[in-house]
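Residue numbers (the numbering used here), protein chains in the order written: chain A, 1195 to 1483; chain B, 1195 to 1483; chain C, 1195 to 1483; chain D, 1195 to 1483.
Source of the hints: derived by calculation from the structure; they are not laboratory data. Cβ coordinates follow ideal geometry from the N, Cα and C atoms, glycine included. Where hints are given, some of them may not hold.
To be verified - Residues from chain A that keep clear of chain D, each with C-beta distances beyond 12 Å, as calculated:
1. Asn1275
2. Tyr1301
3. Ile1481
Unchecked claim - Chain C side only, calculated, beta carbon under 8 Å to chain B, not exhaustive:
4. Pro1330
5. Ala1362
6. Asn1366
7. Ser1390
8. Asp1393
There are 4 protein chains.
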Amino acid sequence: MKGIITALITPFNEDGTINEEGLREVVRYNLDVMKVNGLYVGGSTSESFLMDEESKRQLFKIVKDEIDVDTKLIAQIGALNIEEAVRLGKEAKELGYDALSAITPYYYKFSFQEIKAYYKRLTDDTDHPMIIYSNPAFTGAQFSVEDYGELLALPNVIGVKYTDTDLAKLGNLKESHPEKVFFSGADEMLLPFAISGADGAIGSTYNLLGEDARTIYEAVQKSDLETARRVQSHMNKVIDFLLEGGVYSSIKYVFKQKGIDAGYMKFPFRELTDEEKKNADNILEIIEK
Amino acid sequence: MKGIITALITPFNEDGTINEEGLREVVRYNLDVMKVNGLYVGGSTSESFLMDEESKRQLFKIVKDEIDVDTKLIAQIGALNIEEAVRLGKEAKELGYDALSAITPYYYKFSFQEIKAYYKRLTDDTDHPMIIYSNPAFTGAQFSVEDYGELLALPNVIGVKYTDTDLAKLGNLKESHPEKVFFSGADEMLLPFAISGADGAIGSTYNLLGEDARTIYEAVQKSDLETARRVQSHMNKVIDFLLEGGVYSSIKYVFKQKGIDAGYMKFPFRELTDEEKKNADNILEIIEK
Amino acid sequence: MKGIITALITPFNEDGTINEEGLREVVRYNLDVMKVNGLYVGGSTSESFLMDEESKRQLFKIVKDEIDVDTKLIAQIGALNIEEAVRLGKEAKELGYDALSAITPYYYKFSFQEIKAYYKRLTDDTDHPMIIYSNPAFTGAQFSVEDYGELLALPNVIGVKYTDTDLAKLGNLKESHPEKVFFSGADEMLLPFAISGADGAIGSTYNLLGEDARTIYEAVQKSDLETARRVQSHMNKVIDFLLEGGVYSSIKYVFKQKGIDAGYMKFPFRELTDEEKKNADNILEIIEK
Amino acid sequence: MKGIITALITPFNEDGTINEEGLREVVRYNLDVMKVNGLYVGGSTSESFLMDEESKRQLFKIVKDEIDVDTKLIAQIGALNIEEAVRLGKEAKELGYDALSAITPYYYKFSFQEIKAYYKRLTDDTDHPMIIYSNPAFTGAQFSVEDYGELLALPNVIGVKYTDTDLAKLGNLKESHPEKVFFSGADEMLLPFAISGADGAIGSTYNLLGEDARTIYEAVQKSDLETARRVQSHMNKVIDFLLEGGVYSSIKYVFKQKGIDAGYMKFPFRELTDEEKKNADNILEIIEK
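Bound conformation, chain A alone (with noise of 0.2 Å):
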């Protein structure tokens, strides 16, 4: 498993239900426009922690539906009642997910070796390829890496979604791993990670940059490091857009702008302002020079 994955949105309805057509649409505009490796369904991007059991269920099995059968599947199944977590992930097994992925448990501050524990209990009930999902700024945990290689050694843990900054952590550990795999989770540095031994890349940009982020990654294969230079520039002109008025509000914006029906935010999460609206209407452009 590797190369450019697209982390999903979810288009919604306005009573928070999931807009099954636009969800289709977005699929298969990732699949076939942005040509991307691969889609991680049910991550922050999918607004999946703000969903109810249910919703996420359906959001996998519309997800699988869709699908080509070359495209890797990762179901990330991550949640604080670890109940719920196994039942996702033995869903997701069953509908043909490739491979499972799960948040570090959050809110509370959980010891490194409760979180071990976690993910020992998640693999082993479900028996599955399973991808840690490791995103500190959200989270606050932090892993060493010792930390990491603990939980690489459990059976399953196949690698790691890494959400981080840490070039020389992640160098360590792919050369400490070299059979595991690590994949990027910062969009705007996707040319340092590949360069540092990224074995690929999971991000919420690559909705509408999955073309340039392939490219990149193809770039940084063939030592091209001219063309990468200049596509990772590209990107990130329009991710600095993207933050202004929130990645995931103005994707779905971005979306409708192409006809493609992305859906409104899941509450609380609210909609680009009028004045956001205008900023974004750059984006379209500039993705498209």
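Starting from the known structure of chain A, arrange chains B, C and D on it as the hints suggest.
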């Protein structure tokens, strides 16, 4: 609503379900021995964020069923899924809970306007007294005096569970909003909180130290600082021990020593180690001194 | 040594040298009008960390020269260059300062053992009473109760200027070291500090609010909580205004309105803007109410 | 000005004065063996913030005296006392240093406008090329792209020593200011920095790893990623060891093993313990592999 309110621990069975008998014993202990003024049910201390919705409903029901007429009951209903929070709020209201409370939405970095919209919807849909649960160390959401003012102006919002140490801000809030209630969330600072204008305190250690807490609170009303100081000092010796192995698990351990079946922790929280138990063996002795 | 001690501001000339006349006036105001129990000279409030060694010596001399026999004097001598700190300490001792104080060494992330060695050498070489100046928000150095215990065990160390908000820790420290002195460094929390065991308070706002501070401190001794609360509330209204444009520059501005030449800020600190001055015009009125 | 620049360590005598012979040896080693492109003198690595002004002047003089014509020299002159900083800047300019550099003023929480005024005055008064030294982990001063733009627009400001890990921001800065120079301050991320647009790197580990650093930097110019990755990995193994006992003291220890008298640390920095020395004994072996 004022005075000492215990943030109730939840005894679990080994499989993560609620240990109903144990729960009833813990409630009775709080009412009959600690004689606290109220119970805060379903908060951090109840390990509620790790429970499924059905268990939370069960928790609300059992506690209500066990309770006396004159004990105030607050149901913490906050959840990242707004629909679940609303359902829980309606249930607690129907059960006869005196007030609701909700943690500020966490994990994502919501803007203040989004957080305000969250409380607006919760209070509109449940139409029952609401206590904002502010715990910046766990959620990252830090409010200014002006922010609090906006939240307190929402219909049904009656006060704040203020789990922070900025007592100047607390004093300012109480003075600007004398008709609202403000509860200390820092048990080891109950005395300075009471001095600074808190109407009462909500805390986990009152499961074991509720009597001490009432003594401090009443001593402050009578300007008996010597007593207040002496008892706070006693409380803090116990709290230091509770912190060493984890407050919730240590409280459960001490309950068991008292013959009250406080049950297991909810996974992934772990139980005390043997060494931590040895340390916790001191607690009971200090409490009863 | 106890009671209310003003952290003295330093009036500067426009070229960054000390405005001696202004300094003498500010000292007199503190003694004659505020009637504080002592002065803390050369700390953060004195903008001392921006001054050269010669100016610091001059500051110590002028203040000593202006002072009355019964006013306690503390010289803050901490400096990253240990030799400078020792020289300043010897000078202040010779001038007749009652005690020395030193900020924990900053900029670099020193280990606790290095910090302890720093105080050991300072106290050995100056052989004069020393008050640890702990200000984690400025220095990053955060101490446990055990760490404080080690520092307080050094010969000549007589106490701590505790610029933090953890009152449980303060209470614990005072109880474990009743013979040492602990000063509040959080002016807006003077009342809860006094309740929690502080022997006094050292703060910048006492340049203007020293009288209020004494009232609070004395009211707590007499268990007159109503007075203490009322005056703390008054103080905090002023402090909120002082914070808006910067505490030190706002204090100087108010002094000037009173006809006392409190001089310029030391570069790169800036003066109040016109708008900030308009806001600060309210302060004098509130103070004198 | 570009390429690999060593942040020079300072050998001290046991009494805290500069060990001139040792300093000359360390300089020669950097020039003759490491063959770095320049030296950064008087920065954090030089323990400069612990030195008095006279020692800093002496440091600048000795290094200049020992240096070859074609080695670039940068003098870090930043000090909280602006007059000292200006004097040091004039001295370094007169001595023939190619550029000045200054840490952002620290300890106090200066506003951006105050920091900008600081650089304006420094550059006006010294009239010599200036490199902003940005190290938010040590100073707390974090700049946006717009802030950097304002600083870079000041006359004489030629670039930034960027000790941070946000490579997207670095790339953005280089693209917006192609005529300015940006130096990596994160030795263990030299490769991703070089890829992301850094003109060079300034770091402490280049005292021992300057040759490796040059190899990486040159490999990136030639798009030879394989070499760059391999050498960065080698560097990072050494850096991990250096971090264990403290980078500066470990570098000095390794120098001594090589027969170069790198002297003592400046108080209150401590020397390696015996155990740390045993660990550091591995470093030389890895370096020379």
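Structure-based check of all given hints:
Look at asparagine 1275 of chain A: its CB is around 34 Å from the nearest CB on chain D, clear of 12 Å, so calling it non-interface holds up. Every CB of chain D lies more than 12 Å from the CB of tyrosine 1301 of chain A, the least distance being 27 Å, so the non-interface label holds. No beta-carbon of chain D comes within 12 Å of the beta-carbon of isoleucine 1481 of chain A; the shortest separation is about 17 Å. For the restraint placing proline 1330 of chain C at the interface with chain B, the shortest Cβ-Cβ distance is roughly 13 Å, beyond the 8 Å limit, so the hint is violated.
Annotation: interface hint on alanine 1362 of chain C holds; nearest CB of chain B at approximately 4 Å, less than 8 Å. Taking 8 Å as the C-beta cut-off, the interface hint given for asparagine 1366 of chain C holds, the closest approach to chain B being about 6 Å. At a threshold of 8 Å, the smallest CB-CB gap from serine 1390 of chain C to chain B is about 6 Å, leaving the interface hint in force. About 14 Å separates the beta-carbon of aspartate 1393 of chain C from the nearest beta-carbon of chain B, more than 8 Å, and the hint is not met.
Taken one by one, the earlier hints fail for this structure at numbers 4 and 8, listed in ascending order.
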